[in-house]
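A.B. asks: For the protein sequence lines, the chains are U and D, in the order given.
Take the first sequence: its position 173, counted from the start at 1, is 173 in this note's numbering, and no numbers get skipped.
Take the second sequence: its position 60, counted from the start at 1, is 60 in this note's numbering, and no numbers get skipped.
Hints are computed from structural coordinates only; laboratory data are not their basis.
Keep in mind it's a predicted model, so treat the numbers as computed, not measured.
Don't take each hint at face value.
If several chains are the same, the list does not tell them apart, and a pair holds so long as it fits within one copy or across any two.
Unchecked claim - No more than 25 Å apart at the CA atoms, straight line, and that leaves these computed lysine to aspartate or glutamate pairs for DMTMM-like:
id, residue 1, residue 2
1, 136, 5
2, 249, 175
3, 249, 110
4, 106, 168
5, 106, 245
6, 249, 270
7, 170, 28
8, 106, 229
9, 247, 110
10, 106, 94
11, 170, 110
12, 106, 208
Protein chains: 2
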Amino acid sequence: MSDFDLKSYLQSRRTLVDAALDRFLPPETAPPPVVHRAMRYSVMAGGKRLRPILVIAGAEAVGGHAEVVLPTACALELIHTYSLIHDDLPAMDDDDYRRGQLTSHKVFGEAMAILAGDALLTLAFRLVAENAAHVKDSRVICDVVAEIAGAAGTGGMVGGQVVDIESEGKTVTADTLDYIHTRKTAALIRASLRVGAMLAAARPAALEAISAAGHCLGLAFQIVDDILDVEGSLEELGKTAGSDERKQKATYPAVHGLDASRRRARALLDEAQAALAPLGSAAVPVSALADFIFERRS
Amino acid sequence: MSDFDLKSYLQSRRTLVDAALDRFLPPETAPPPVVHRAMRYSVMAGGKRLRPILVIAGAEAVGGHAEVVLPTACALELIHTYSLIHDDLPAMDDDDYRRGQLTSHKVFGEAMAILAGDALLTLAFRLVAENAAHVKDSRVICDVVAEIAGAAGTGGMVGGQVVDIESEGKTVTADTLDYIHTRKTAALIRASLRVGAMLAAARPAALEAISAAGHCLGLAFQIVDDILDVEGSLEELGKTAGSDERKQKATYPAVHGLDASRRRARALLDEAQAALAPLGSAAVPVSALADFIFERRS
Chain U
1 MSDFDLKSYL
11 QSRRTLVDAA
21 LDRFLPPETA
31 PPPVVHRAMR
41 YSVMAGGKRL
51 RPILVIAGAE
61 AVGGHAEVVL
71 PTACALELIH
81 TYSLIHDDLP
91 AMDDDDYRRG
101 QLTSHKVFGE
111 AMAILAGDAL
121 LTLAFRLVAE
131 NAAHVKDSRV
141 ICDVVAEIAG
151 AAGTGGMVGG
161 QVVDIESEGK
171 TVTADTLDYI
181 HTRKTAALIR
191 ASLRVGAMLA
201 AARPAALEAI
211 SAAGHCLGLA
221 FQIVDDILDV
231 EGSLEELGKT
241 AGSDERKQKA
251 TYPAVHGLDA
261 SRRRARALLD
271 EAQAALAPLG
281 SAAVPVSALA
291 DFIFERRS
Chain D
1 MSDFDLKSYL
11 QSRRTLVDAA
21 LDRFLPPETA
31 PPPVVHRAMR
41 YSVMAGGKRL
51 RPILVIAGAE
61 AVGGHAEVVL
71 PTACALELIH
81 TYSLIHDDLP
91 AMDDDDYRRG
101 QLTSHKVFGE
111 AMAILAGDAL
121 LTLAFRLVAE
131 NAAHVKDSRV
141 ICDVVAEIAG
151 AAGTGGMVGG
161 QVVDIESEGK
171 TVTADTLDYI
181 HTRKTAALIR
191 ASLRVGAMLA
201 AARPAALEAI
211 SAAGHCLGLA
221 FQIVDDILDV
231 EGSLEELGKT
241 AGSDERKQKA
251 TYPAVHGLDA
261 SRRRARALLD
271 EAQAALAPLG
281 SAAVPVSALA
291 DFIFERRS
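Hey, can you work out the whole structure from these sequences and the hints?
C.D. replies: This is the structure we're talking about:
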């Protein structure tokens, strides 16, 4: 694993994803232009592209290729972006900044932010459907649609956001915190890895290993996010540090303390790497992403 | 066609759809309960179920059966309902009543209304994917997902809503009005008929006839809706009559006058019935729905 260059891996996959997103999103000039501008404004704000890269890495871990899963990889980024746009709305977290730029509703107004989010979620499923052109067995596309809808719905991301909002200003138990993190963040990250592997026709044992790793990566990612919110600066995060505390959000450091949070994140990432070990060298990129998640500064 | 009893047809198909919606929606007690309550509150408010009935009628028109298309029929109702919840939000049309009851955000708050809408849209695609269990060729499910996402996205429903909001308080041309109506309403109604036919393995010529009829039905439905808003009472519509005028919405009667609106709706419905004629008796329910649309009082 020492030979693996994560930085250039991330760079090359990110370049692929960014080009594909530009291809799949309607042009800004297509009518009605304002909603297409709003969609591109948020998608092209320059996230880490963690979810689409995990789709690709999930496919590669079982012998698949990036090109084959690009539409679905982009779909996961569109769903992530829609969730950020809606989470930032005044009725939800009421955030003015995201990734260092004004949030969608501050630029385009609330109505357009709601609609841009709706449109991104809708387009995501269209991209998955169009991924059928790249696979032999269309049944896998149906499974991928169901998998993503499950992870993004009330059993996953939306459900986590609901409980997150309900818990604001309250003292939450460790169980409630796990509920929120597992659903709000881990579900979609786990699904990203899984659908990549599914599109690449993973065998059941490999898919199980990848699912376990995805769950651990997702939880660890959210714990590190919570830690960064306590420690980070506006410059590094592109959003105001300490905002979770001000909003009295349920976070891992608030419930368990900073040291225990760091230990838990590292343990989860070790667990992910152990789960991936049987897949051998093909899974090295996913394993390396675990270290990246632990060491990231933003 | 004189033997066809539309009333009992609508009743029986509506009963099927209502039972299926109850089966497909998560129970109110499933965690987190509040969002499931919000989803059911709006879906079970008792709409006409026009879109799911059109999915069924579209399948029947080419020899298919209701049971086979029920998940997708329900998906169309969930998408319609999500669009109503989001359209009613304060940032959009700011409506307090819908179908005679308080709108979602008045009961559950804005955050939960946004999330309930997001969840319904997400669940809709899951239902379509699960419809794969009832068809031989999974490719048709991929086509149906793409068709629905196209009709619900910025090239369809969301695009129409964007221009509708942008046009408020402005004088719109007949072209802009057609743009709004075609996308905001007709696109999803046309897609409903089409996906029913697609799931029932319609031949290309039949699908083309159904597509043409669906476009006409959809446009006529919106024109009649505009007419009812001018003429109707709160009791009949379940919402405040004349609300389009107060909000300075672009409507067919405002641009063309009431008489021309009635004539245009009737002409479109005649056109729909002519397009369906080659399909023979199997298409009688769809044809009868055209008369129902023209004569409806709510």
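A.B. asks: A separate judgement is required for each hint: does it hold in the structure or not?
C.D. replies: These are the hints, each one checked on the structure:
1. 136 to 5: Classified as neither: same-chain Cα gap 32 Å, cross-chain 45 Å, threshold 25 Å.
2. 249 to 175: within (15 Å within a copy, 48 Å between copies)
3. 249 to 110: both (23 Å within a copy, 19 Å between copies)
4. 106 to 168: Both: 23 Å inside a chain and 20 Å across chains, each within 25 Å.
5. 106 to 245: Classified as within: same-chain Cα gap 23 Å, cross-chain 29 Å, threshold 25 Å.
6. 249 to 270: For residue 249 and residue 270, neither the intra-copy (27 Å) nor the inter-copy (58 Å) Cα distance is at most 25 Å.
7. 170 to 28: For residue 170 and residue 28, the Cα distance is within 25 Å only across copies (23 Å; inside one copy 42 Å).
8. 106 to 229: within (22 Å within a copy, 33 Å between copies)
9. 247 to 110: For residue 247 and residue 110, both the intra-copy (21 Å) and inter-copy (18 Å) Cα distances are at most 25 Å.
10. 106 to 94: For residue 106 and residue 94, the Cα distance is within 25 Å both inside one copy (10 Å) and across copies (19 Å).
11. 170 to 110: between (27 Å within a copy, 20 Å between copies)
12. 106 to 208: Neither: 42 Å inside a copy, 44 Å across copies.
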